[in-house]
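S.K.: Spelled out, the chains give:
There are 2 protein chains.
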Amino acid sequence: MKQEHIDQINKAVAAVAAKKHINHFYFVACGGSQAFMMPAQFMFDKELETPSGIYTSNQFVHEVPKALGEDSVVITCSHSGNTPETVKATEMARSMGATTIALSNLVDSPLWNAAEYPIHYEWGKDADASDLNKAVLYSLVFRILDAVAPCDKYKEGIASVENINDVLEKAKALYADKLKEWGKKYKREKMIYTMGSGACYGETYSFAICLLMEMQWIHSNCIHSGEYFHGPFEVTDFDVPFIIVKGIGSTRPLDERAYNFCKKYSDCIMLIDCEDFDMTGIAESVREYFAPLVAGAVLRSLADEFAYQRGHDLGVRRYMWKMEY
Amino acid sequence: MKQEHIDQINKAVAAVAAKKHINHFYFVACGGSQAFMMPAQFMFDKELETPSGIYTSNQFVHEVPKALGEDSVVITCSHSGNTPETVKATEMARSMGATTIALSNLVDSPLWNAAEYPIHYEWGKDADASDLNKAVLYSLVFRILDAVAPCDKYKEGIASVENINDVLEKAKALYADKLKEWGKKYKREKMIYTMGSGACYGETYSFAICLLMEMQWIHSNCIHSGEYFHGPFEVTDFDVPFIIVKGIGSTRPLDERAYNFCKKYSDCIMLIDCEDFDMTGIAESVREYFAPLVAGAVLRSLADEFAYQRGHDLGVRRYMWKMEY
Numbered sequence: 001m002k003q004e005h006i007d008q009i010n011k012a013v014a015a016v017a018a019k020k021h022i023n024h025f026y027f028v029a030c031g032g033s034q035a036f037m038m039p040a041q042f043m044f045d046k047e048l049e050t051p052s053g054i055y056t057s058n059q060f061v062h063e064v065p066k067a068l069g070e071d072s073v074v075i076t077c078s079h080s081g082n083t084p085e086t087v088k089a090t091e092m093a094r095s096m097g098a099t100t101i102a103l104s105n106l107v108d109s110p111l112w113n114a115a116e117y118p119i120h121y122e123w124g125k126d127a128d129a130s131d132l133n134k135a136v137l138y139s140l141v142f143r144i145l146d147a148v149a150p151c152d153k154y155k156e157g158i159a160s161v162e163n164i165n166d167v168l169e170k171a172k173a174l175y176a177d178k179l180k181e182w183g184k185k186y187k188r189e190k191m192i193y194t195m196g197s198g199a200c201y202g203e204t205y206s207f208a209i210c211l212l213m214e215m216q217w218i219h220s221n222c223i224h225s226g227e228y229f230h231g232p233f234e235v236t237d238f239d240v241p242f243i244i245v246k247g248i249g250s251t252r253p254l255d256e257r258a259y260n261f262c263k264k265y266s267d268c269i270m271l272i273d274c275e276d277f278d279m280t281g282i283a284e285s286v287r288e289y290f291a292p293l294v295a296g297a298v299l300r301s302l303a304d305e306f307a308y309q310r311g312h313d314l315g316v317r318r319y320m321w322k323m324e325y
Numbered sequence: 001m002k003q004e005h006i007d008q009i010n011k012a013v014a015a016v017a018a019k020k021h022i023n024h025f026y027f028v029a030c031g032g033s034q035a036f037m038m039p040a041q042f043m044f045d046k047e048l049e050t051p052s053g054i055y056t057s058n059q060f061v062h063e064v065p066k067a068l069g070e071d072s073v074v075i076t077c078s079h080s081g082n083t084p085e086t087v088k089a090t091e092m093a094r095s096m097g098a099t100t101i102a103l104s105n106l107v108d109s110p111l112w113n114a115a116e117y118p119i120h121y122e123w124g125k126d127a128d129a130s131d132l133n134k135a136v137l138y139s140l141v142f143r144i145l146d147a148v149a150p151c152d153k154y155k156e157g158i159a160s161v162e163n164i165n166d167v168l169e170k171a172k173a174l175y176a177d178k179l180k181e182w183g184k185k186y187k188r189e190k191m192i193y194t195m196g197s198g199a200c201y202g203e204t205y206s207f208a209i210c211l212l213m214e215m216q217w218i219h220s221n222c223i224h225s226g227e228y229f230h231g232p233f234e235v236t237d238f239d240v241p242f243i244i245v246k247g248i249g250s251t252r253p254l255d256e257r258a259y260n261f262c263k264k265y266s267d268c269i270m271l272i273d274c275e276d277f278d279m280t281g282i283a284e285s286v287r288e289y290f291a292p293l294v295a296g297a298v299l300r301s302l303a304d305e306f307a308y309q310r311g312h313d314l315g316v317r318r319y320m321w322k323m324e325y
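Sequence lines, in order, name chains U and R. Take 1 as the starting number for the first sequence in our numbering and just add one per residue. Take 1 as the starting number for the second sequence in our numbering and just add one per residue.
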């Protein structure tokens with residue numbers, strides 16, 4: 001990771017560490033950026049006694065949690081740095097005295113200027129994965145965890161971020177043939193469900209709302225593996241496609257149970273099993289948390305394959321950025 | 001509300017009030033029961049500085065939030081009282097010293113016996129709405145709020161529960177003709193989106209996963225109105241149906257914005273506008289919180305109409321209760 005990112009992260013972490021009392025961490029963003037922060041909130045919930053929550057920006061702005069104030073830390077993200085709801089959420093949180101940290105690809109964007117501690121990440125196919133949004137987020141959250149409750153595990157997390165690029169490349173290579181097959185086989189589907197849980201839930205949510213719905217105009221719904229048996233599973237049928245991510249760690253049994261049932265009644269399952277991945281370079285203690293990054297890279301390749309097979313470029317939009325809304 | 005329910009609620013509230021310190025409220029359940037508690041968690045987030053979170057039971061059991069312990073209050077629900085994940089979540093929380101409160105229709109069920117403070121609610125078309133699950137939950141949460149941070153608003157909430165039956169009946173009558181029309185018009189749809197936010201989000205989530213997916217085998221996805229513009233709206237088209245609930249109170253602008261956009265590009269919108277309801281008997285101060293109960297009654301009537309039009313009884317299942325899973 002470039003020193004520029006580490007310096008920005010360290011400034012933010014020092015501000016968090018300097019707080020006498022932290023009453024609440026809030027992760028606030030929209031759409032794909034919200035999904036991107038879901039594993040961070042999952043980690044905080046599991047690792048810290050200090051409460052944390054995740055919000056879509058506009059609800060955060062309109063509802064305003066009672067506990068938000070000087071003792072709070074608010075972490076926001078917008079790729080373009082221009083998402084008005086997220087800029088507003090950051091401004092509001094800052095005006096209420098909260099410590100505000102924002103991640104963005106665009107330096108000097110409205111979000112950048114709204115937050116007290118802006119952090120830049122790289123973008124594009126040429127960048128090393130350790131400089132991209134997810135690596136920068138993970139570096140930030142492991143450093144915050146280590147500042148608030150120092151332990152080896154978090155230091156291992158910080159170090160593991162540096163090795164992520166190779167792990168992603170190996171996973172994409174491992175799944176390359178399968179992704180080609182799935183892209184061709186399922187290219188005419190009009191509705192594809194996704195399913196996941198725990199640290200990986202955000203990736204499956206993001207794939208449903210951003211890659212399938214937004215970028216491919218394919219109907220979708222991300223079902224939490226733990227919720228599947230409590231209603232949603234009744235839609236399962238031989239011709240209903242599901243993309244299922246089996247994570248690793250504490251919530252894997254939920255994914256496994258959902259997958260084991262689903263495969264009995266659907267003939268159209270795309271399974272991404274995080275146990276398949278060669279995670280050399282990622283410390284054992286934090287692999288559960290890194291699994292979604294790897295699954296996410298595989299899912300992204302699947303989206304590329306769908307786009308190619310369907311002749312529907314991932315950059316095509318009919319409403320987004322095209323009009324006022 | 002029957003004295004039996006009030007006595008059980010008061011016992012639970014007294015236990016909460018007796019706690020020296022509350023570090024966290026956890027709402028934990030599966031599927032429709034989780035959705036049912038979403039407005040309660042929304043209220044707590046808005047009204048209290050004490051943090052609160054909502055979990056699907058099996059993730060709660062497998063992930064175990066770090067803050068869960070003697071200072072916590074865990075509120076669970078299972079209609080049958082037999083949902084194994086929710087029973088386990090309650091047992092686990094109790095064994096860790098948390099105050100456990102469970103709502104169920106079945107006295108002496110496994111959930112009933114797992115919780116320290118079980119609370120019974122009525123069920124069925126003959127019961128007065130003030131004895132049903134939602135009224136009992138609202139009575140509980142307003143009493144907890146009033147015990148933790150006494151104020152007139154919460155007392156008005158407790159009193160308003162008693163008047164809910166008439167409000168629901170009037171709302172169903174108001175929408176009766178529309179529901180008949182919608183049931184007929186959209187009965188052949190294979191995919192119907194729902195959309196809502198704030199206090200009403202749980203009702204739209206519940207309608208998607210329980211009424212449409214589970215009970216009608218119609219594909220669905222509940223989109224949060226605040227997330228709609230950040231990906232999902234790209235699927236909007238003239239023939240894509242949406243059921244939209246416009247709530248009242250703080251997050252209404254989110255619903256309004258989503259509806260205003262959606263109606264320009266979809267010709268198939270079923271709008272339930274909570275401002276249409278005659279809420280006489282419900283105090284102004286708490287109408288935002290009661291709106292989902294009223295919208296939920298209208299949605300339930302819509303499900304009845306779909307069931308009738310499609311010849312697909314709401315009680316039909318192919319997997320649930322039919323096999324091991």
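Keep in mind that the hints were calculated from the coordinates and are not lab data. Heads up, some of the hints might be wrong.
No copy labels: a pair is met if it fits in one copy or bridges any two.
Quick list of in silico lysine-lysine cross-link-like pairs, PhoX-like style, CA-CA up to 20 Å [said to hold, decoys possible]: (1) K155 x K178; (2) K88 x K170; (3) K19 x K2; (4) K185 x K263; (5) K88 x K46; (6) K155 x K264; (7) K88 x K66; (8) K155 x K190; (9) K172 x K184; (10) K170 x K180; (11) K263 x K322; (12) K66 x K46; (13) K66 x K153; (14) K172 x K2; (15) K180 x K322; (16) K264 x K322; (17) K172 x K125.
S.K.: Next, verify each hint and record whether it holds.
M.R.: Going down the list of hints, with the structure as the test:
no., hint, in the structure
1, K155 x K178, "neither (35 Å within a copy, 60 Å between copies)"
2, K88 x K170, "neither (40 Å within a copy, 39 Å between copies)"
3, K19 x K2, "neither (27 Å within a copy, 49 Å between copies)"
4, K185 x K263, "within (17 Å within a copy, 34 Å between copies)"
5, K88 x K46, "between (29 Å within a copy, 18 Å between copies)"
6, K155 x K264, "neither (42 Å within a copy, 51 Å between copies)"
7, K88 x K66, "within (17 Å within a copy, 31 Å between copies)"
8, K155 x K190, "neither (44 Å within a copy, 50 Å between copies)"
9, K172 x K184, "within (17 Å within a copy, 47 Å between copies)"
10, K170 x K180, "within (16 Å within a copy, 56 Å between copies)"
11, K263 x K322, "between (40 Å within a copy, 17 Å between copies)"
12, K66 x K46, "between (23 Å within a copy, 5 Å between copies)"
13, K66 x K153, "between (33 Å within a copy, 16 Å between copies)"
14, K172 x K2, "neither (24 Å within a copy, 60 Å between copies)"
15, K180 x K322, "neither (32 Å within a copy, 37 Å between copies)"
16, K264 x K322, "between (43 Å within a copy, 14 Å between copies)"
17, K172 x K125, "within (14 Å within a copy, 55 Å between copies)"
The structure is inconsistent with the numbered hints 1, 2, 3, 6, 8, 14 and 15, although it conforms to all the rest.
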